[in-house]
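Going down the list, the protein sequences come from chains A and B. Residue 87 in UniProt numbering is what sits at position 87 of the first sequence, and the numbering runs on without skipping anything. Residue 324 in UniProt numbering is what sits at position 324 of the second sequence, and the numbering runs on without skipping anything.
By construction, these hints were calculated from the structure, which means they are not laboratory data. Treat the hints loosely; a few may be bogus.
[To be verified] The calculated DSSO-like cross-link candidates involving lysine-lysine, where the alpha carbons are at most 30 Å apart (straight line), are:
| id | chain 1 | residue 1 | chain 2 | residue 2 |
| --- | --- | --- | --- | --- |
| 1 | B | LYS92 | A | LYS224 |
| 2 | B | LYS520 | A | LYS224 |
| 3 | B | LYS520 | B | LYS337 |
| 4 | B | LYS92 | B | LYS298 |
[What the hints assert, rightly or not] Chain A regions said to be covered by chain B (calculated; three or more residues, Cβ under 8 Å):
| id | segment |
| --- | --- |
| 5 | 450-462 |
| 6 | 531-545 |
Predicted model only: the values in this text are computed from it and were never measured. Backbone N, C-alpha and C fix where the C-beta goes; we use that ideal spot for every residue, glycine too.
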Amino acid sequence: MTQLAARPARGAFDRRLLHRARGATVFIGVCAALGLARTACAVASAWLIASLIAGAFAAGKGLDTLGPQIIALAAVLSARALLASVQEAAAQRASATVKSGLRRQALEQLMRLPSGKRHSGETATLLVRGIDALDDYFARYLPQLVLAVVVPVGVLAVMLAAYPPAAVIVLVTLPLIPLFGILIGLYTRSRAERQWESTSHLAHHFADLVAGLPTLKAFGRAAKQTGAIEVTTGAYRRRSMALLRVAFCSALVLELAASLSVAVVAVTVGVDLVSAHNSGGMTGEAGLRTALLVLILAPEAYLPLRNVGAHYHASAEGLAAAERVFAILAETPENQDHRETATAPGQPSPNPDAAALTAACVMRTPLGRAPTIMFRRTVFAYPGRPPLPELSLTIPAGQTTVLTARSGAGKSTLMAALVGFRRPVSGSIAFDDTELSDLDLAAVRRSIAWLPQRPVLIDGTVAENVRLAVPDGASDPAVAKAIAAAHAPAANRTVAADGSGLSAGEAARVGLARLLLRADLLDPPVLLLDEPTAHLDADTEQAVLDSLAPYRDQRTVLIASHRPAVRAIADREVDW
Amino acid sequence: MSLPRNTIALRLGLGATLGALAQLSALALLAVSGYLISRAWEQPPILYLMVAITSVRLFGIGRGVLRYAERLVSHDAAFRGLERLRIAVWRKLVRLAPAGVPVWRSGDLQTRLVDDVDGVGDRWLRGALPLAAAVIVAVGAVGLQATLLPAAGLILAACLLAAALTGPALATWASRYAVRATATARGDLTEGVRSCLHGREELVAAGTDAQALERVLEGDDGLRRAHARIAWSAGLGEAAGLLALALAVVGALWTGIPAVAAGTLDGVLLAVVALVPLAAFEPVLALPAAAQQTAVAKACGRRLLEITQAEEPRPDPVEPMEYEPNPLGGPPFIEIKRLAVTWPGAEAPALQGFDLTVQPGERVAIMGPSGSGKSTLAAALMGFLPYEGSLRFGGVELAEYDGDDVRRTVGLCSQDAHVFDTTLAENLRLARPGAADEELARALRWVGLRDWLEGLDGGLQTPLGEHGRAVSGGERGRIALARCLLADREVLVLDEPDAHLDAATAARVLRTAAAALEGKTAIIITHRPLPDGVVDRIVHLRAPVPAPRRDAPDNRLLGVAPPG
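Model the full assembly from the supplied sequences, consistent with the hints where possible.
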């Protein structure tokens, strides 16, 4: 309910949304057809009711003559009920398909965009909850929009034929509704967008506070935070209400136009009937029938527009979310050549010739045997922080090198750079004298097994998680072997995507099993391990390192760790 | 507390009344218009029609204005109610954290707090208020109809009742289980998407990003199917209402026409009898949607109840002892005998038969393998967990004290302390509000972050990003340590303060920290040997027999580790 007042930034009819969604165009056609049928039903039932009343009151007919018309009325009204039901079901189905498609496109795109720029929890909420909110747009707003075009046209045509003055009244007032809607929408638009932002800010703020609640409580600050929440939400309410006071005005105009013009039609028709003997207009049974037909039809002309108004506000949340999804879809995945990841702003952009160079080198399969890795005067930088010190470093082929540099010296950055996720702002990285930037990044990645500090976990079993080591799937015995070697938890234990169910140490060993499986199946010449034993006790640490021993043979191995047991297996230690 | 709740109820009541009046205006508009036209057809002198003409215009205006007022009043009430609900949930969470909070997923928890609270607001705005308006209008319409023609009134009452019962019932019945299905699928999907995005680099490097993506999208498919199930049910509810409307209109004419012929109903009023059902059904036709909203909101309310009714893991004593564990000031004398601690919901104790005596100002290291209950001991010392055996501060059982009082003396620097999404200064000031910038900088110097601080563009005002993302693991741990030193507690429990540090940094940091802690009691939990001179003595801890793997939930609960 928090976005009730938000108005979509784009027009009511977002072409991109329909363009993205293949089923949507067909759906609009279905809506239009159903809308036409519903208009026909509305006109027919109005005419039947009017003629029944006129027949009984003006002509004094009884049930015996009017019976067939009553039965026809029952049939028409039932058909109307059926049509509404069909429309609703079709709308919900179309909406589910469209949402699913949009989610898939966004996710696929996000997997191509560099990490770290956006907040993964917030993005996940956008992709699930945000896109789900499009239901209101597809299942309610869009069909009503179609009806709002079809129904008034049909109704007006009938009214014009039956009694032109009433048609003129409707024709004059009807355009006022969208006109005021647009004016008020324009007036509230920027405020509505800010409101959406403050809503997601509020959501993030809460999640952050809840996540840190144990910390807050340890410092005795949890109870005091209540006051801060009170202030934040209070300010949020006052802002929302200020916005709603204006935004609801469009609904006010709509309701006033609809009900006042019905009143005006009734009065006009009434006055006309009274003076009919002077003007020679509406008299007799036919006169009354026409008058009633116009009266019953007039509200029908406004009804779809009123519903559009109601659903317009409800669909705004979904549209705002769609807007952000489109922003994601519009970003260029920058790893088309192999240059991945953020440089600090203001850094020189990559050499434009690099792409051409790459094309020439793509075919070369790199790292055929255990390569020597060289960092020459490499400097890494993160936005808003001083660059890390310049680094020149040779990691000898076929040996195990342990990086023992102090925390924060850039050990993880170094590893991420080798798999192409961080780019040095100056200097170079080379495998066996070939620059990393001249190699096909996909091939480089295939030749490397990398265990990051916090391995990713997906919903499923330990075995399924370990299988994520290789793209082409792994046999059960291979997975079992890797799990056993890494001393990882039992293959059939279930893991949740957030890691609940596993301790930090167990999660690290799942990551290690992944590394070993990859080494077994793809035989990569390079292994990168980032703090592989940080969460392990000494016994487990030793067991894990023993398992790793055969894998280190004939490979260039790089381990970041300070632990004595790890340093004991090093051929070489590097500090800077 | 009761006074503001009443004002919200009053506001909601006013909203319902205004809404009903708006709908009654619409009913009156149509009824009077029908009468006006029928009477005008009889061509009386126009003066006879003036009352009808004026009231038609009045009702025409009234409807729009009343509806506007209703919206403002009811939204304001809903916002106020939500505010209070959110704070009530927060207050309860404060009492539950960390041990009493079931191990739920962070993404799901976020969904719960934000969505569920909003969902309850929807229950008022889109559930209760439309229902109230529909009931009032229905009663008014039936009353009017019955006065004009009792038989038509009876039919209208029956049809309205049927529509009001079957429409929402159909909608609720089908959506109830679909809503449950989507809630799980949504939670799973959110969590899957989050972890997929979080681990993107690893997956891309392994070439398995497409695989992981497909797994996540399987969840999306489940969600899509669940949504398709709700589809036909919503249509059924609406159809049932429209069918009842058809019956009511046909019934009104079926009884009205003979009544006009028989003279029991004035012909002028036949139009009124025929048109009243059309207007009376408008709010009733909105009921299925309202019922679906209510069903969704009920699920939200249930989940919130799970939180608000959860049992407190360590309720504060009803009459807590006055907290004065060391009347001379300084750290208390700590005496632990046969201590056994069990986590809520766990079968076996995570720590058992533990004895320890700590003199004021002593620094003790507690060493043991994973799962030996080190973090559990920390939680018990913080007053987060109930215990058996004896745990005394200055001769008084810890259980006799108020938890907040205990935590004024005991500080905890946990393995994965939370770094809030705010500035460095704000993160530190958490420990001591109002601390001067120099004090913050000094605390950072103690933990060896002087160079790091000087390198920050924004200095103390540098934002630390999502879960302190801009800082490395080692920096995060040291910021947490600095925060604990700043808090200046008499007793400090350090849970693996050296987890993400290299040996040299760890030794330096621990020595400075030890110096800063001069005169305070320190309990340092670790599974690695500490550098010389940091602690006075070392206590070894063995896993309780049989050894349950308790490290998983413990770590999560104490730190609520940022997942991934």
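Quiz item: Can the restraint linking LYS520(B) and LYS337(B) be considered satisfied, given a maximum Cα separation of 30 Å?
Solution: holds (22 Å)
Quiz item: Does LYS224(A) lie within 30 Å of LYS520(B) when you go C-alpha to C-alpha?
Solution: holds (26 Å)
Quiz item: Mind checking, does the segment 450-462 of chain A have 3 or more residues with a CB under 8 Å from chain B?
Solution: holds (count 10)
Self-check item: Proposed proximity, LYS298(B) with LYS92(B) (alpha carbon, max 30 Å)
Solution: Judged against 30 Å, a Cα distance of about 20 Å means the pair holds.
Quiz item: How about the segment 531-545 of chain A: do at least three of its residues have a C-beta closer than 8 Å to a C-beta of chain B?
Solution: Our answer is that it holds, as 8 residues pass the Cβ test (under 8 Å) against chain B, meeting three.
Practice problem: Assess, step by step, whether the Cα of LYS92(B) is no farther than 30 Å from the Cα of LYS224(A), and give holds or violated. | Solution: Status holds; Cα separation ~13 Å.
Taken one by one, the earlier hints all hold for this structure without exception.
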